[in-house]
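Student: Listed here are the chains, written in short residue letters.
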Amino acid sequence: MITLKRLEMGYGKVNVLKDLNLDIKEQSTCAIIGPSGCGKSTLLYGIAGIMQPSSGQLLIHDQPVKENRKETGVILQHYGLLPWKTVWKNAALGLKLRGVPKQVIEEKVSDVLRKLHIYELRDKYPVQLSGGQRQRVAVARVLAIEPDLLLMDEPFSSLDAIARESLQDLLLNIFNNSKLTIVFVTHNIEEAVFLGQKIVIMDQGSKNISHVLKNDLFGDQTLRNKPDFYRLCTDVRHSLQEKTTSL
Amino acid sequence: MSIQTFIYKYKTLYGSLIILLTWYLLYWFINSPIIPSPFVTIIEFFSLLTDDLLLHILVSLYRIILAVVISLVLGISVGLFLGINDKYDAWISPMIYLLYPVPKIAFLPVLMILFGLGDTSKVMLVTIIIFFQILVTTRDSVKGLSRELFFSIKSLGANKLQVYQHLIIPAVLPKLLTALRISIGTSIAVLFFAENFATTHGIGYFIMDSWTRVDYVQMFAGIIAISLLGLILFKSIDIMENRLCKWIRLEKINE
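Chains as they are written, first to last, in the working numbering: chain X, 17 to 263; chain P, 43 to 297.
Chain P extracted, bound-state conformation (with noise of 0.2 Å):
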C-alpha cells in the first residue's frame, strides 16, 4: 500500500499520527510542564474519563445539540419562507444582513441576564449562532432553485407539499448539511468561552478550571476531549451527507 492510498484511507488517524508526533515533538524541545506528553496525557485522558471527564463532554455534547435541533427548526421554516416568498424577503433580509456578520458572542452578557445564568443563556447563544447560518443557506439555496424544476414538477402534477417533498427539501439538504458543519465549528468555540461563566459542568469549565489549578496535563487531556467532540459531530454529519445525498458525491466525481 502506498502512501497516498493509507493518507486516503485512513484519514483521521494518519491526521492523528502527525499531530502526536508535532505534539511529542514540541514537547521535546519545549521542555517545560505547559506542554505536557502526549504519552501521559493520553494516559491521563483515559483516566479521567472514567472518573468525570465523561460527564463535561456529555454536557456540552447536549448543548450542542440542542442548539442545533432548535436552530435546524427555526432557521428552515423561516429560509424556507423567505426563500419562497419573495415580498417578505424583501421586507426582512435587510434586518438578517445587519445582525448575521455581528458576533453573537457580544451578545452573551445580555442573554445571561434575560435568560439566567444556567443552561438556557449558553443553549441560546449557540441557537443564535447557527439560526442564523442555516436560514442564509436554505433561503439561497430556494432562490437559486430554476423556475423550470418549479415549472417541470407541477406540470406533472405535484401540489404544494409535494413540491417540498421532491424538490425543495432534497435541494436544500446537502447545502444545509454544509452550513451545518461550518456553523458547529464556530459553535464550538462559543461555547467554550460561555461554559467559562457561571457553570461547574461542560468541557469549557473543565479546560478553565484545570488551567487555574495549573494541572497542565489535565488541561490537555480537556483540550483532547473537545477535539474528539468535534469530530464526532463532524463524522456525524458526514454520515448523513453520504446517506442522504449520494448524488452530490457523484456531481463531483463527474465535473
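Next up, chain X with everything else stripped away, as it sits in the complex (with noise of 0.2 Å):
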C-alpha cells in the first residue's frame, strides 16, 4: 500500500532522511521506532502529506502523497482536539469538514463513540477529560472519518502504563475487526512489539534504517503475559542499542 523509495526529507537543507526504502502492506500494522531525533516523526509527516519529501518517491496505492488525502486519518502527539468543541463536536468534526449530511453524521459518530466507550462523555470539553479519555476522542474522531491508513505519532507517549495498555488492547481490537493499515511512531519497546506486525527501526547517524523486523507473534491480545513477547522486547532492545554504541 504504502511504498517509499529513496526517499529523502529534511527541513531546508539539513536532511533528516536519507535514501530510504520501506514498503508496508494493505491491512497491515507497521511500528516505527528509534531514538529521538532520528526522523521517525518526519517520516510519518512525510506519509501523511504534512511535509514533503525533498527527493525520492512516496507512494500510496502507486499514487504520489498529496496534502489531505482523503482516506488518510492523521493523530499527532498531543492529540490536536480542539478545546472549544465538546467530545462529540470534535468527533464529528472531519465529517462536517466534507459535507456529511447531519442524520448520517449524528449515526457514525454516536456508533464511534459507543465503540470507545466515551458516548457519555460527549458534552463534555476536552480540558475536563482525562489523558486516556482525551486520546480516546482522537481516535474517535479519525475512525469517524473511515479512514483506510491510520496514522499515529507516538499516540499514547504521554498516558500512564495503564491508560496506555488499555488503548493498546482497543486499537488491536479495531484494527482486527477493520480493513484498516496502521503506521504508527513510538519510542516505547513493548508498544511496537505489540502493535507492529513490521517493526522498523530507525537510526540516527545513517539517518535511514537500521532493521526492519517480521513479528510474528502480533495479534494476541494476552501477548504481554507470555515469555515470548519478552524475547522479541529483547531482540528490538538490542537493534536499537546496537547502532547507538556504535556512534
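Derived from the structure by calculation, the hints contain no laboratory data.
Careful: at least some of the hints might be erroneous.
[Said to hold, decoys possible] Think about it this way: if two alpha-carbon atoms lie no more than 16 Å apart in a straight line, the pair counts; the simulated EDC-like pairs of lysine to aspartate or glutamate are:
1) Lys101/X / Glu293/P
2) Lys34/X / Glu24/X
3) Lys288/P / Asp139/X
[Said to hold, decoys possible] Computed list of chain P residues with no C-beta within reach of chain X, every gap over 12 Å:
4) Pro78
5) Asp182
6) Leu198
Just so you know, even glycine gets a beta-carbon here, dropped at the ideal spot from N, CA and C.
Please dock the two separately framed chains into a single complex, following the hints provided.
Tutor: This is the structure we're talking about:
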C-alpha cells in the first residue's frame, strides 16, 4: 500500500532522512521505533502529506502523496483536539468538514463514540477529560471518517501504563475488526512489539532504517503475558543499542 | 446566606452598596458642596434622565459603539493577516511596536483639524485606541496556536475557510473579548476628554458643563451616568463571553 523509494526528507538544507526504502502492505500494522531525532516523526509527516519529500518517491496505492488524502487519518502527539468543541463536536469534525449530511454524522459519531466507550462524555470539553479519554476522542475523530490508513505519532506516550495498555488493546481490537492499515511512531519497545506487525528500527547516524523485524507474535491479545513477548522486546532493544553504541 | 455567598451572587449590588456607603461617609465628613449627598444626587440623576441626560448618555454610547465596530473590523482583519503571514508581519510589526504605546489622545488636535470638530474626530480617536489593542491581540493569539492544531484540522480535510471557522476564530475570540474589555475602559476616559471640545452632546460635555456652572449635584449625576455606561458595556462583554466561550470558564475551573 505504501511504498517509499530512495526517499529523502529534511528541513531546509538539513537532511533528516536519506535514501530510505520501505514497503508497507495493506491491512497490516507497522511500528517505527528509534531514538529521538532519528527522523521517525518526519517520516510519518511525509506519509501524512504534511511535509513534502525533497527527493525520491513516496507512494500510497502507487499514487504520489498529496496533502489531505481523504482516506488517511492522522493522530498527532498532543491529540490536536479543539478545546472549544465538545467531545461530540470534536469527533464529528472530520465528517462535518466533508459536508456529510447531519443525520449520517449523528449515526456514525454515536457509533464510534460507543465503540470507544466515551459516549457518556459527549457533552464534555477536552479540558474536563483525562489523558486516556482525550486520546480516545482523538481516535474516535479519526475513525469517524472511516480511513483506510491510520497514522499516529507517539500516540500513547503521555499516558500512564494502565491507560496506555488499555488503549493498545483497543487499537488491536479495532485493527482486527476493520480493514485498516496502521503506521505508528513510538519510542516504547513494548508498544512496538505489541502493536507492530512489522517493526522498523531507525538510526540517527545513517538517517535511515537499520533493521526491519517481522513480528510473528502479532495479533495475540494476551501477548504481554507470554515469555516470547519479552524475548522479542529484548531483540528489538539489542537492535536499537547496537546502533547507538557504534556511534 | 453567608456574606461570602452574597458577595459572590450579587457582585454589582455589593459593589454599589460599598461605594455609596463610602460616598456618604465622605459627604458627611467633608461637609462641603463639592461632595453632594448621594441620595440627593440619585434623585437628581433620575429626574435628569427624563430631561436630557439620557440623550447625552446615548450620544456617548453611540460614539463608543461605532468606534468599537470599526476597530473590530479593521483590527481583526489586519491582525489575522499578520498572524498568518510571517513575512508581512516582519515588515509591519516594527511600526506597530513604535505606535502602540503612544498615547493616541495626543493626536486629538491633528484629528480635529483633519476630520473636523464634529463626531468624526472623536470616533476616530477612540477607534485608533481600540484598533491597536485588537490588532496586537488578534495577531499574537493566531501566532500562539500550535502547528499541531493546524496539521490536525488540515489532515481532517479542512479547507482555508474552514480552518478560520473551526480553528482560528474560536481561538482568537476569548482573547479578543479580554482586549475589548481593557480598551473600552481606556476609551471611555479618552472620550470624556474629547467631549470637552466642540460639542454640546455626550456625557463628557454634560459633566464639564455642570462643573463650569458649579452645579455639583448635576456633575455627580453625570458621573453616575458615566459609570453606568461603563458597567453596561462591561456586562455585555461578560454575557458574550459566557455565551461564546463556555470552554474558557471550564478551563479556569479545571486548572
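Student: Now tell me, hint by hint, if it's right for this structure.
Tutor: Okay, the hints, checked on the actual structure:
no., hint, result
1, Lys101/X / Glu293/P, "12 Å, holds"
2, Lys34/X / Glu24/X, "5 Å, holds"
3, Lys288/P / Asp139/X, "12 Å, holds"
4, Pro78, "49 Å, holds"
5, Asp182, "17 Å, holds"
6, Leu198, "4 Å, violated"
Hint 6 from the earlier list is the only one contradicted by this structure; the remaining hints agree with it.
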